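Participant: Listed here are the chains, written in short residue letters.
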Amino acid sequence: MTYPFSSLPDNLAAFCASLRRDHQFNIGPRELMDAARGLEIADLADERAVRDVLRPILSKTYENALAFDPAFNRFFRAAEAVAPREVPGLPPRDLAPSASEGAVTTRTRPAMSDGTDVEVAAAETVAGAVRQVADAEDDAMATRLRASYSPLESDGTPLVFEPPGREWVEAAAALAARVHAGASRRWRPALRGPRFDFRRTLRTSLHTGGEPVTWRWRARPRRQPRFVLLIDGSRSMGASAHPALQVAVALSAVSPKTETFTFSTMLRRVTRDARLASAGERRVVQVQQAWGGGTTIGACLDEFLLHFSERLLGPDTVVMIASDGLDVGRPDLLRDSMARLARQSAAVVWLNPLLDTPGYEPTAIGMSLARPYVSVLTSVRDPASLGSLARTLRVRGRGA
Amino acid sequence: MTDPAAIRALFRERGFILNDPFATALHLMVALRKPLLLEGPAGVGKTETAKVLADVLDTRLIRLQCYEGLDAMTALYEWNYPRQMLRIRMTEGADTTLEQREAQIFSDEFLLRRPLLDAIVQDRAPVLLIDEVDRADEAFEAFLLEVLAEWQVTIPEVGTIRARHTPYVILTSNRTRELSDALRRRCLFFWIPYPTLDEEMAILQARIPGLEARLAEQIARAIQVLRDLPLQKAPGVAETLDWAHALIQLHRAHLDWAALEQTLGCILKVREDQSVLESHRERLQPVLEETLKPGGHSLDTDFGLGSVSTPHR
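Residue numbers (this note's numbering), protein chains in the order written: chain A, 1 to 400; chain B, 401 to 713.
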């Protein structure tokens, strides 16, 4: 382990600055002070001890924890040019920047490719990886690699999350109101309800000389529905994805339980960006590998199910997939993933921009495989069409 | 609790296996007195960590289970209204002033302490477990921030109560929603992954001392294979332990297909997952065939917790 600067505070400050700058860590003076205090109780000669102390203090999310060790290596061990090593407690693939990272997802739990800072390897390395994967007869993975690094692959179009207009928000609110979730466990004051409200009855009785003449009640309100948006970011979608991004931002504004993902050859969670945009901040997200190239819808949905189904899907969840259905992946994987999505959620809405094209029939293989599991197949191009969706959406088992 | 090694040893004595990074995170939590936010898949021991820590520190564990709709009153305090009303009725004819009656009905006797207030008023710093904080609403999270920052609670009728000792706080989250940056920044963060093969074997040996080393290894290896399958609900450590107990109850000295099928419900809780396993039988075959190989194992390896087996190379 080598220290680039002569003093410990300088090294620590520079390392924190590099985490902030290169890896979007949320590090302020408080974290810096905590790190300094933490190092007071660590053996500075022991690299592993230093890592173990700094990791929980400076990392604040799972993604941070994944990025920490490679960043630590780059900063403190750059001179030694070490290969990324396996670190106890985290899956090795997540720590080793490689040709495939960011573009290829594996089935290893609990890792998830998230498009965080990665080192994109040289083209020949990629070709080698493709050959290796193909040799291993892992067709799905090879397809993803080919799609991701195909000659059509470009820098891609950035995702632009615009603050939502009033019409979008109103239409999203109408949609959220349409989904009747179950009763919450919260007790709220209500005119009528199953539970007597002692506190309010007592307070009201002060107006009648302590005599509880007017009784107060409490009832359980409805739970907020959850929306999960999976937006196809492939080249074929192009500008048609913009309304879907607007839907994501508008739903984020009306329901804090909205989760947004984008996919093409890999899945990426962009919930935070959608939420910030809903609060009025324009967000431009550069996702080169996710936003361009072919689409492996089935594999990406499978990836979503593997990592997020347990946490995000349920009887109150409406899944919205925005895609043209032009798929280059395995058809059986798409069918199975759609079946699972439909089974584990209240409704699956497919937003297909091609439906606005005169003469279009959803007969593409991806679309035809997915259709039996889709509750509503429609297109959304403006707030009015989102409002129309709100009127037609039927949610299973809730009688909406 | 003087260093990570001591923490590891203390936890191990109680059957809880920690790796170095986790032990260091706990050490920092105690040394810096900062809340520790634990995230990880279900069933890896997030909640158990708090229980064992309370035992190690010989202090009380106070648990606040979060859920959707949890409000400040439920987490902090409530007045015992029925009792207050009864007291008002009973003392209606008494010769007391209004102030005296008020002081009486808003006294400690009528205060129902909920977990957060309870944690503040302890004579000895307790371990406060705020479990599944992601299930609570964002409004509650904002309230929590205030408590974690100030460690004081204001009750209008009583006044401000300050913590006598800052509790050791462990928050757990299953990531059903993203926690706010503000809450994260007040905490240390540690991601608990599924245990490695060696760690899982050590856990089995530590928690079930009578378990045959060969069976422990087979269970641990089978679980590692299962976690790599595309299951809806991957088995956690709790399932591993349940499975081991079930096999012991059935007097199984080794794992084979018959034993697996008998006890499948201990590890796979979704019907579709059982179908997935069926279609990936060949992945488990090497693990289940281990028992057929005579002398296939060396039983001499010690992971610090007794004899366990490793594959013979």
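Hints are computed from structural coordinates only; laboratory data are not their basis. These numbers come from a predicted model, not from an experiment. By construction, the Cβ of each residue, glycine as well, lies at the ideal position given by its N, Cα and C atoms. Heads up, a few of these hints could be off.
[Said to hold, decoys possible] To be clear about the criterion: a stretch of chain B counts as covered by chain A if any three or more of its residues have a C-beta under 8 Å from a C-beta of chain A, and this derived list gives those stretches:
id	segment
1	422-433
2	547-554
[Unchecked claim] Only some residues are given here: those of chain A computed to face chain B with a beta carbon under 8 Å:
id	residue
3	N26
4	R30
5	R37
6	P56
7	I57
8	T61
9	A65
10	R186
11	R195
12	F198
13	R199
14	T204
15	L206
16	G210
17	L306
Participant: Now look at each hint and say whether the structure bears it out.
Facilitator: Quick rundown of the hints versus the structure:
no.: 1; hint: 422-433; result: holds (count 7)
no.: 2; hint: 547-554; result: violated (count 0)
no.: 3; hint: N26; result: holds, 6 Å
no.: 4; hint: R30; result: holds, 7 Å
no.: 5; hint: R37; result: holds, 6 Å
no.: 6; hint: P56; result: holds, 4 Å
no.: 7; hint: I57; result: holds, 6 Å
no.: 8; hint: T61; result: holds, 7 Å
no.: 9; hint: A65; result: holds, 5 Å
no.: 10; hint: R186; result: holds, 3 Å
no.: 11; hint: R195; result: violated, 12 Å
no.: 12; hint: F198; result: holds, 3 Å
no.: 13; hint: R199; result: holds, 6 Å
no.: 14; hint: T204; result: violated, 12 Å
no.: 15; hint: L206; result: violated, 11 Å
no.: 16; hint: G210; result: holds, 7 Å
no.: 17; hint: L306; result: holds, 6 Å
Of the numbered hints given earlier, the model fails hints 2, 11, 14, 15; all others are met.
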